[in-house]
Amino acid sequence: MLQVNSLSKTFSGFRAVKDTSLEVKKGEIVAVIGPNGAGKTTLFNLITGILKPDSGQVLFKGKDITGLSPHVICKTGMSRSFQVVNVFQRLTVFENVQVAVLAKEKKTWNLFTPSKKLVIDETNRTLESVGLIDKQNNISGALSHGDRKVLEIAIALGGSPEFLILDEPTAGMSPEETARCIELIRHLSKKMGLTILFCEHDMELVFSISNRIMVMVRGASIIQGSCEEVRSNEAVQEAYLGGDATC
Amino acid sequence: MDFIYSIIPPSILCQIFVGLSRTVILFIVSSGMSLILGVLRIPNVFHGSLYMIGAFLAYTITTVCAGSPFGFWLALIISPLVVALIGLAIERGLFQYLYESEHLMLILFTFAFSLVLGDIVKFIWGADYKSVPVPLIFQGFVSLFGGLPFPVYNLFLLAVGPIVAFFLWFLVNKTKIGKIAKAAAVDREMVGAVGINVSWVFAIVFVIGCLLAGLGGALMAPTISVTLGMDHTIIIEAFLIVIIGGLGNMWGALLGALIFGLTQSLGILLWPQFGIIFPYLAVVVVLLIRPTGILKSTW
Amino acid sequence: MLKDLLTSKKIILLITGIILLLLLPVVLPLFMQARFYIYLVSLILVSGLFATSLNFVLGFGGIYQFHHGVFYGIGAYAAALMLLKSGLPSWVGFIAGPVVSAILSLIMGLICLRLSKLYFGMLQVSLGSLVWAVVYRWRSFTGGEDGIHGIPIPELISSPTGAYYFTFIVSAVCFFIIYKMINAPFGSVLQGIRDNAIRSEMIGVNVKRHQLAALIIAGFFAGVAGVLFVVVDNSVFPDMLFWTLSMEVMIMCLLGGWHIFIGPLTGAALMILFRTFIGTFTIYWAFIQGIILMIIIFFLPSGVLGYFERKMKPTDKVLKA
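Chains as they are written, first to last, in our numbering: chain Y, 79 to 325; chain V, 460 to 758; chain X, 3 to 323.
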């Protein structure tokens, strides 16, 4: 579904991503792991169009989407959540997701129909699937961190994507919240048939839900393979798992 | 010399020099603004009021010392200092509590101060036009460029410009406070983390910026009639200069002031009625080509 | 339940307000010299519309529209010049005002929107000052620094009462339209962009294009306000597009509360009343205005209405961003 061919990005001399390739097939859950600063978020930003790559190519569903604007890429069925909580602070939980649904339904140019009357069912369905339905009238800025991270995913789901990119979905969550989030990701993959690409520091989570893992170190992909392959790979152990046990 | 005149007529050459001396004032004022903008990230609207206060103070001092040859020099020293003190009081008294708030709030706050300071000036000096005499040694004209008269005071301004520019360069690049300020402009938290009291660095930068505004006002005073409302014009000009130069970039301010000063003086020669429009047009042209200014901004 | 009660209360308030404003020119003369007060209320409506149009992009759109006054002034000038010089029917002039403002807004938006936040605002101030300089200097066409006075207004709306009713009806319609837009998907998206532009882009919103549309709309309604000013005051002057006026309008929005629809109108009313009544006692109105502004920034950052709203329902809507 997604194919990334030798993508590179340099920030004023610092090569954040170098010559990275990656393929994600329909229905898969693929994890990207690596120490802090390995270029995971940059890679995601390149794929979703927030940054333009210096070289390389991104193909999504066979179409070249390299260097397109984020909103164009989004319309092709790709959606993402952010590492740092990135919700619409002053809007309610409901409105947060509703905006995403409205955008997807191309209703953002509607000037006069009250929003209150539009896309309620779709929004509620999304809220229900992530378990935020009882909190729908809360202002999102006042939610707990864990809820905001979930809302983060809910907004991404609001655009009914086929392909979902999650940037550290469980960062800063409590163990219970993490467990809930793992359930959610499983549910999204199994029940809703989404293809998921995510990055995460929580190794347990990574090994428990992903089909394949890519390891990034200093901007480059050093291995891609199944959980076992990655776990037993020496280079990984040295560069990452063993060498930098804190992750 | 004649060769030069054959390319550029003396009248234009003369106007260029007038423009350059105007550039000096614009540079002094806008570099102060740029400094504050670069380090503190505040577009300081009352910067213009400080400039106006500098000019009015120069008026008072020269009036008190009328007849003495030192009046002007005293004004040149005292008015920037007083203005700097006002700046310090505002910064320490109120401003330092607002650095965390939104930009919009900060701007409106500085605007509130420009209203207050404007009325204080009206209260102290009244609404009449005031004129500051050109100091004796700079009175009169010299003949430059094929005999066209050129005010001596403007020659003095032309000499002041490079001195101020040098001081600023020295301050920013060679002194400790300048280096810290530069670092703080890029990454405030980092500077705080290494144990430097950022708050005071900000205060010092702010005060230096205000000092420059006051100096600009005092230098400008003898060439214009000092009046209420001069704050409104200069602030827009300084804003524009800082924008086309690149926010927070000192040399950008110099470049911007040059563009502004020259287009202004030549524009008046070209089309007297719409002379004031040319600098604005220059700004638009520059920004169409380089939206974030000519030189790299510190933002 | 409570919410329903609240909205019905709001509706009652709204209807009472409308009836009071409609009856004003009839009732007021019974008690006092009405002419001035009718003029004052008209002015409040005009400034309120002006501030509300700014708030559409500022408070709800999060765009740093620092020089909104340009669109107000240009709208007024366009209408005034059409009325004075074109010889076309006056309604053409009334429409020309907002249209010219919207076009100017489009042009300035295209240039300024390449930048964001503060840069946007400062660039807008520069371009606006350019427009101001042209109006200020083009003596033969715009009247220069004196402006234009004694603009011919159609007879029906030329009396203070006529002007009042005209202003009231037009501004009421405009308020209604803006209110509708804020609550429609476009408004929701706009608020989304305000809160988080990158995220909006990521859910498939073309941020720049929506911002541009919002700017054009805001410019248009500022133009309407400008035209109404011409009707009420029969004059235009270059100060209408000077940057200090733009700042003052921002103060109005802040004073009333810029996350609430009627905040700017409230702010405009308070500000004009203050100015009128304090202005009779002192020539240092600007000083007082500055102090008021500082007090709001320090103590009431969400405005007067925001403050009351929070007092009444502490958990709801009002939240510091």
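It cannot be assumed that every hint is accurate.
[Unchecked claim] The calculated SDA-like cross-link candidates involving lysine to any residue, where the alpha carbons are at most 20 Å apart (straight line), are:
{"id": "1", "chain 1": "Y", "residue 1": "LYS194", "chain 2": "X", "residue 2": "LYS182"}
{"id": "2", "chain 1": "V", "residue 1": "LYS581", "chain 2": "X", "residue 2": "THR246"}
{"id": "3", "chain 1": "Y", "residue 1": "LYS194", "chain 2": "X", "residue 2": "THR246"}
{"id": "4", "chain 1": "X", "residue 1": "LYS87", "chain 2": "X", "residue 2": "GLY146"}
[What the hints assert, rightly or not] If we take Cβ atoms under 7 Å as the criterion, some of the chain V residues that face chain X in the derived model are:
{"id": "5", "residue": "TYR558"}
{"id": "6", "residue": "PHE568"}
{"id": "7", "residue": "LEU614"}
{"id": "8", "residue": "ILE683"}
{"id": "9", "residue": "SER684"}
{"id": "10", "residue": "LEU687"}
Calculated directly from the structure, the hints in this document are not laboratory data.
As the structure is a computational prediction, the values presented were derived from the model and not from experiment.
Glycine is no exception: its CB is placed at the ideal position from the N, C-alpha and C atoms.
Cross-check of the supplied hints:
A threshold of 20 Å between alpha carbons decides the hint, and for LYS194/Y with LYS182/X the separation of about 11 Å falls inside it, so the pair holds. At roughly 17 Å between alpha-carbon atoms, LYS581/V and THR246/X fall within 20 Å of each other, so this suggested pair holds. Note on LYS194/Y and THR246/X: the hinted pairing is violated, with a Cα-Cα distance of about 38 Å set against a maximum of 20 Å. Between the alpha carbons of LYS87/X and GLY146/X the distance comes to roughly 16 Å, so the proposed pair stays at or under 20 Å and holds.
Evaluation of the TYR558/V hint against chain X yields a violated restraint, the C-beta minimum of about 13 Å exceeding 7 Å. Contact between PHE568/V and chain X, as hinted, is supported at the beta carbon level, the nearest pair being about 5 Å apart and thus within 7 Å. Evaluation of the LEU614/V hint against chain X yields a violated restraint, the C-beta minimum of about 29 Å exceeding 7 Å. Interface restraint check for ILE683/V: the shortest CB-CB distance to chain X comes to about 18 Å, outside 7 Å, so the restraint is violated.
Here the hint on SER684/V is broken, as its CB sits about 16 Å from the closest CB of chain X, past 7 Å. A distance limit of 7 Å between C-beta atoms decides the matter here; for LEU687/V the minimum to chain X is near 10 Å, and the interface restraint is violated.
Hint violations for this structure: numbers 3, 5, 7, 8, 9, 10, all remaining hints satisfied.
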